[in-house]
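Which chain is which? The protein sequence lines are A and B, in order. Remember, this note's numbering sits 239 above the position in the first sequence when you count from 1. Remember, this note's numbering sits 18 above the position in the second sequence when you count from 1.
Note that these hints are calculated values from the structure, not bench results. For every residue, glycine included, the Cβ atom is placed at its ideal position computed from N, Cα and C. Errors might be hidden in some of the hints.
[Stated by the list, open to error] To be clear about the criterion: a stretch of chain B counts as covered by chain A if any three or more of its residues have a C-beta under 8 Å from a C-beta of chain A, and this derived list gives those stretches: (1) 69-82; (2) 89-101.
[What the hints assert, rightly or not] Under 8 Å between C-beta atoms, here's a sample of chain A residues computed to sit facing chain B: (3) Pro336; (4) Gly337; (5) Lys341; (6) Pro355; (7) Glu448; (8) Ala462.
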Amino acid sequence: MKRSIEKFVLTGVALLAAGISPNLFVIAQAGYAKLSALAINFLLPSIVVLLAILLVAAIRGHTNLVSQIWYGILGGLLATVGLEIVRHTGFLLGGMPGEMPKLLGVLLLDRFALGPNWLSNLAGWGYHFWNGAAFGVIYTLLFGKPRLWGSIGFGVLIGIGFMISPATTALGIGIFGLQFNVGFPVTVTLAHVAFGAILGWYVQRNRQEAFSIIQQIKEITQAR
Amino acid sequence: MKRFTRAFTGIATLILGIMLSTGNLHAQNSGLVTVQSGKDFDQTVESLRQMVSKNDMMVMSEINQGKILSMTGLQLNATSLFVGNPNIGNKLFSAGKGVGVAVPVRVNIYEAKDGKTYINYVKPSQQLASFDNQQISKIGQMLDQKLNKLTSMLAK
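Next comes chain A alone, as it looks inside the complex:
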């Protein structure tokens, strides 16, 4: 019982920490704060917290939780490679208004006026991939190891969230990017289908049992 609660708390904190990163760009684009300031005050601490949760979970013997987070991170990183292949192809075909990772980089390093350089590109790509890892962790902690269609649905939901958020509208292309062209929603959706498919496939390779958050709650309530 005590261990179940402990695991549940660790899962909750890990979910909160993973949820910070993807929201920062949206908050910045909504005009509430600069991404550079948000990165220092929230992004870096959230990464530290997530890694600390991994460490604590390992020390406390929550091997399932450790493997879930780990598979989430690696699966998210791998899935972002797939997303990037589709997104970049879409960009080259005129379906995207710009190079999102480069934009993230200049905003992160507060050098929009000077444009991208290798360091800002590195920061932008790093942030982009970390967002993928964060979504991977969120996916595996929320849902465990569902079937592939579940992860594809998760990916599509992320894509829709992106297209209706200030992250897209602040680019001046409207909701779903329809003021740019129809290639935008097509590219974003396909990229996130690829993300979801690869994430789902990878997470299923985890041989350990993976519990969804609902299963954890059930476990605690049944033990009472």
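For this one, chain A is given, so just place chain B on it according to the hints.
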């Protein structure tokens, strides 16, 4: 006397025509001044920075439009320098708090489709004219002269 007047008018027209046809300096009614640089884009940006410094001003900020737009896939050479100095700023803002709309002065350097590099700016006096303040106007004219001097040194 008539002959002299005709000859003078003819020469004046000729000089004006030559000045306009060279294309080195255009100042339209909008106050936009465009100068063709004798150097390539990078050299022009570098030289302008140095000349700004030599003329008791500083580059307070810079927008690399070319690099920014490279994120959209567009390739071009264009940079805007925001030029001024704290002393002029102090005088201007003391005379009118709203002058920030016109200063620091924006000087734009760009490579046109013909491959030539141009420097353009809107005359500060024109931008500051709407403040209807003699001191501001005076500083605006002084800035005009400074910019004219700067860009003339780079003109082809």
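Now for the hints, and whether the structure bears them out:
Closer than 8 Å: that is the beta-carbon criterion, and the region 69-82 of chain B has 4 residues meeting it against chain A, so the requirement of 3 holds. Only residues whose beta carbon comes within less than 8 Å of a beta carbon in chain A count, and the region 89-101 of chain B has 3; three or more means the coverage holds. Of the supplied interface hints, the one on Pro336 of chain A holds, with its beta-carbon coming within about 6 Å of a beta-carbon of chain B, less than 8 Å. Residue-level restraint check for Gly337 of chain A holds (minimum Cβ-Cβ distance to chain B is 4 Å; threshold 8 Å).
The restraint placing Lys341 of chain A at the interface with chain B holds, with a minimum CB-CB distance near 5 Å, inside the 8 Å limit. About 6 Å separates the beta-carbon of Pro355 of chain A from the nearest beta-carbon of chain B, less than 8 Å, and the hint is met. A least Cβ separation of about 44 Å between Glu448 of chain A and chain B goes past the 8 Å threshold, and the interface hint is therefore violated. A least Cβ separation of about 53 Å between Ala462 of chain A and chain B goes past the 8 Å threshold, and the interface hint is therefore violated.
The structure is inconsistent with the numbered hints 7 and 8, although it conforms to all the rest.
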